[in-house]
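Just add 217 to the spot in the sequence shown (first one is 1) and you have the working numbering.
Simulated from the structure, these hints should not be mistaken for lab results. Note that the Cβ used here is the ideal one computed from N, Cα and C, for glycine as well. Hints are not guaranteed to be accurate.
Computed spacing ranges between beta-carbons, pair by pair [unchecked claim]:
(1) Arg249 x Asp346: 55 to 61 Å
(2) Gly498 x Ala298: 15 to 21 Å
(3) Leu371 x Thr265: 30 to 36 Å
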Amino acid sequence: MSAFVTRFAPSPTGFLHRGHAFSALTAYQAARGAGGRVLLRIEDIDRTRCRPEYEAAIYEDLTWLGLEWERPVRRQSDHVADYGATLRDLSERGLTYRCFRTRREVAEAIESAPHGALEAFRGAPLPPDEEARRVEAGEPYAWRLSLDAAERALGGFSALTFVEEAEGPDGEHGLVQARPQLGGDVVLARKDVGVAYHLAVVADDALQGVTHVIRGRDLFEATHVQRLLQALLALPTPAYRHHRLLTGPDGKRFAKRDGAQTLRELRAKGMTPQDLRGELGF
């Protein structure tokens, strides 16, 4: 097996754009230079936004771009039961709790905290009787990772580090001290969805033997909590390379929500894969 394994892991919540192409080509170039492998993973756990036509378009766009991938492709929606088992392991160790607060209530809790007391939201389990009553009533909730419990389990966070081979948003490079407190008590799953982003990504990277995570700089902060989850689950820690974010003429990064021009639109206008590769510096 190759000593270098990376992945390109898009979510089928829209059509791919230049930013996705840049990220995919960056991963493929790195794997080729190292004589390694690059995997394609479909991160489709967001049931409200992921659509089959977007997934089909991912394969079409990447083929047009000239990229190949190993099969079968791992689709996260096919493995929700596996993530549930991982969540139960954390819960049985007292590392999670049910949180019934809405997003607005979480924001209000952060705003009302004494200045400097919280870097991000931290909560606590409800009294057992109240929790049972609210579960029985069918109230929505999220499973959150308890930073306080995690810190006790690990004897602190000082031993949590990861290697950044590129550069973080503030120039971070080399051995980086992980600061999971920046993310607070992150959501690991919701009542109606068996897993959330952080837990699924950490589990998949370990299962697939990913040695290098290559992704955009906007996900640098996610690395801190993912490093914590790796420690709690006794999983290996990949090296990380957070590449620059591709921006348009207005200086804003390309994003689906901002209506960035898609690869299929570029293709329809006559752009070739070679044109796009050249424009992106490949």
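Results of checking the hints against the structure:
For the pair arginine 249 and aspartate 346, the supplied restraint of 55 to 61 Å holds, since their beta-carbon distance comes to about 59 Å. Take glycine 498 and alanine 298: their Cβ atoms lie about 42 Å apart, and the range 15 to 21 Å is violated. In this structure the supplied range 30 to 36 Å holds for leucine 371 paired with threonine 265, their Cβ-Cβ distance being about 34 Å.
Checked against the numbered hints listed earlier, the structure breaks hint 2 alone; every other hint is satisfied.
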